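Q: Sequence:
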Amino acid sequence: MGGENMLMPQRNPGQQLLYWIGMYGQYLKIYCKTLVEYRADTIISVLAGIMVQGSTLLFLAVIFQRIPQLADWNFYELVFIFGLAATGKALNQTFFNAPFSLHGLIRRGQMDVMMARPVGVLFQAVGHSQELNGVGQSVTGIAMLCYAAWHLQLNWTPWTLLYIVIALISSAVIQFAILLTISVTSFWVLEVRSVIYPVNWLYDFTRYPLEIFHPFVRGLLTYAIPYALGSFFPAAYLLRPSGYAWAGWVVPLGAMVIMLLAYSFWRIGLRRYSSAAG
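Position 6, counted from 1, in the sequence shown is what the working numbering calls 6; the numbers after and before it change by one each time, with no gaps.
Honestly, the hints are just simulated from the structure, not real lab data.
Certain hints may be false.
[As the list claims (entries may be wrong)] Ranges of calculated distance between the beta carbons of each label pair, as one might list FRET restraints:
| id | residue 1 | residue 2 | range |
| --- | --- | --- | --- |
| 1 | 271 | 154 | 46 to 54 Å |
| 2 | 241 | 37 | 38 to 46 Å |
| 3 | 71 | 32 | 25 to 33 Å |
Owing to the predicted nature of the structure, the values given are computational and were not obtained by experimental measurement.
All C-beta atoms in this analysis are idealised placements derived from N, C-alpha and C, irrespective of residue type, glycine included.
Assemble the whole structure, with the sequences as input and the hints as a guide.
A: The following block contains the structure:
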């Protein structure tokens with residue numbers, strides 16, 4: 001990733017990929033040590049995530065005691081949609097929380113130090129951005145997925161399992177790319193947190209079928225801020241493949257395109273960066 005001020009050793013693409021994987025593995029090792037060392041914080045975070053997601057599941061159960069379907073989706077389908085979206089959000093928080101720290105890195109001058117290292121600035125920011133709260137939410141999200149899938153009697157094939165993995169990675173990448181695009185404006189403006197948090201909260205809308213929302217909201221979450229591409233649509237494809245067949249290839253392709261655009265904007269912002277000491 002961009003922003004190197006020092007020459008890196010020449011490697012072929014395969015060696016470079018292994019290098020990045022190994023480097024990120026070191027960051028994950030530090031993260032795991034943090035989870036073990038701060039056991040109380042880890043336990044509280046896990047329990048908090050379970051309680052938050054569990055309360056939503058209880059809310060859905062109460063709603064469906066009074067209505068059999070919501071916009072033609074039954075209870076277990078909604079739980080499946082919610083579980084997939086929640087797990088994608090948890091993965092983003094756990095591994096790609098860097099957009100929330102970028103503002104501080106710039107204002108405190110830490111980016112000056114990061115730019116002097118022979119590793120991309122964005123890669124370093126991602127490596128240091130793991131969030132404890134995502135652990136509990138991922139546990140609950142996966143449990144909800146399995147619970148709903150069991151009741152729905154989904155046809156589990158190797159492609160189904162592979163697509164769930166692809167969908168979850170795509171969801172985390174799409175969220176990261178959208179929030180990164182907003183946080184990059186920190187290179188030009190003093191305060192972006194008043195924007196990045198509301199945009200992040202919009203993701204919660206995609207935990208429910210888009211049909212229940214106003215057409216404006218559906219368009220917003222599909223085209224302008226395409227969170228639905230990494231949450232509702234892949235879940236709908238797994239539940240109703242005949243009606244959402246296009247999502248099988250649009251979801252991963254869309255994630256790559258959105259990430260490429262966000263990374264291009266990141267490189268533009270990084271070139272405009274001037275030292276905090278300047």
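Q: Indicate, hint by hint, whether the structure satisfies it.
A: Cross-check of the supplied hints:
At about 47 Å, the beta-carbon gap between residue 271 and residue 154 stays in the expected band of 46 to 54 Å. At roughly 45 Å, the beta carbons of residue 241 and residue 37 sit within the given window of 38 to 46 Å. Taking 25 to 33 Å as the suggested C-beta distance range, the pair residue 71 and residue 32 does not conform, at roughly 41 Å.
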